[in-house]
Amino acid sequence: MSYQVVWFKRDLRLHDHAALAQAAAHGPVLCLYIVESGLWAQPDAASRHYRFVIESLRELYVALRRQGGRLHVVTGEAVAVLDRLHALAPFAALHSHEETGNGASFARDRAVAAWCRAHGVAWHEYPQFGVVRRLRDRDTWQACWEAHVAAPLHDVPGRIDFAPLPWAEPPQPT
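Going by my numbering, the residue at position 49 of the sequence shown is 49; the numbering climbs one at a time, nothing skipped.
Take these hints with a grain of salt, some might be off.
DEER-style ranges, computed between Cβ atoms [unchecked claim]:
no. : residue 1 : residue 2 : range
1   : P164      : D139      : 42 to 52 Å
2   : D83       : W40       : 19 to 29 Å
3   : A107      : Y50       : 17 to 27 Å
4   : A143      : S2        : 19 to 29 Å
5   : T140      : S37       : 31 to 41 Å
6   : A46       : S2        : 35 to 45 Å
Derived from the structure by calculation, the hints contain no laboratory data.
Backbone N, C-alpha and C define an ideal beta-carbon position, used for all residues, glycine too.
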């Protein structure tokens, strides 16, 4: 079964979630959040950030359950988790937002991009803020930003065909 992975990073909601909307339009979806100890060990991470993420994950979990799906929360480094997932049940594409983070998250994203290229997995990143990646100069930034903020919001998909995690996981709250 070919499916799409939606990697929830910092955008822990259903409304106006481009990655979820696009993935749902292309096949079954596995919703994934990775607890990355390497990122939580960074000096700019704090316990209050972690508590906020936990609270947001609980809300996202409930929202996905209402849609008939599940949020799979997995601990590990992103490349290792994706590699395990792909080895057990290859997926067609990875969808996430473009994260604006620190050097560690940027290095992680570069490693994920390399992994995707090596495994023939298309990684679709969707802009979330006014940061425009890969510009040669700033001459076109304003036009890109204006197009981004003028774009319509993404509705929660009316129907999401959810894919299961291909390994057993501990029970999560219902």
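Worksheet item: That 17 to 27 Å hint for A107 and Y50 (C-beta), does it hold up?
Response: Since the Cβ atoms of A107 and Y50 sit about 20 Å apart, the hinted range of 17 to 27 Å holds.
Discussion item. Just to be sure I understand the hint, the distance between the Cβ atoms of A46 and S2 should be within 35 to 45 Å; is that true here?
Written reply: Once the Cβ atoms are compared, 39 Å apart, the range 35 to 45 Å for S2 and A46 holds.
Fill in: Outcome for the supplied range 42 to 52 Å, where the beta carbon pair is P164 and D139
47 Å, holds
Worksheet entry | D83 versus W40 beta-carbon gap, inside 19 to 29 Å or not | 20 Å, holds
Practice prompt. Starting from the range 31 to 41 Å, see whether the pair T140 and S37 falls in it by beta-carbon distance.
Written response: Cβ of T140 to Cβ of S37: about 38 Å, so the range 31 to 41 Å holds.
Worksheet item: Does the Cβ pair A143, S2 satisfy 19 to 29 Å?
Response: 36 Å, violated
The structure fails hint 4 only (numbered hints given earlier).
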